[in-house]
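Participant: Chains L and F, in that order, are what the protein sequence lines are. So for the first sequence, the numbering used here puts the first residue at 1; every next one is plus one. So for the second sequence, the numbering used here puts the first residue at 1001; every next one is plus one.
One or more of the hints may lead you astray.
Pairs of lysine-lysine, DSS-like flavour, derived with a Cα cap of 25 angstroms [as the list claims (entries may be wrong)]:
#1 F:K1051 with L:K68
#2 L:K57 with L:K68
#3 L:K57 with F:K1051
I should point out that these hints are in silico values taken from the structure, not numbers from a laboratory.
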Amino acid sequence: MRWLAMILAATLSLSAWALDLQQAKRQGLIGEQLNGLVGVVQGGGQVNAVASDINRKRLESYRDIARKTGTSLAVVQARAGQLNIERTPSGQYVQLADGRWQRK
Amino acid sequence: MRVAILVFWSLWLAACTPRVEVVVPDKPITVNLNVKVDHEIRVRVDRELEKLFEQEQELF
């Protein structure tokens, strides 16, 4: 029973974050960075909270991949950043090498 | 006789030493190896990342 509750809570909280991340990206509050993490384009406390939660989970996964493929976290982050920016739909923000945000 | 052997050995060693040094700096092979490893790692990392994008859609 406790198991079920935990799984349910995890799934619900994940889908709640999902909505927030996608909304924030569509509203131009959050963008993709070259280091494979999201950054805050503009916004307050709630946007920061979403970004840091997503980044914490992403970093965990990136570390797993680095371990699995026998490379460094930096290599995984660089590849992830490039792929994320390629996958970003037009209208949303990506960060350039000099740190400026650009609408794709 | 012993002196002759000693002289022969020192000549032998002296003759051999430069050869070892010539073999060591062989850079092109190292560079090619690095490129190959980098490419393989890139392919493996990309494959794992694509998997991650599908499995954890809420994070991307």
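Participant: Each hint needs a verdict: does it hold in this structure or not?
Facilitator: Against the structure, the hints:
1. F:K1051 with L:K68: Answer holds: K1051 (chain F) to K68 (chain L) is near 13 angstroms, not above 25 angstroms.
2. L:K57 with L:K68: holds (17 angstroms)
3. L:K57 with F:K1051: Holds: K57 (chain L) and K1051 (chain F) sit about 15 angstroms apart, inside 25 angstroms.
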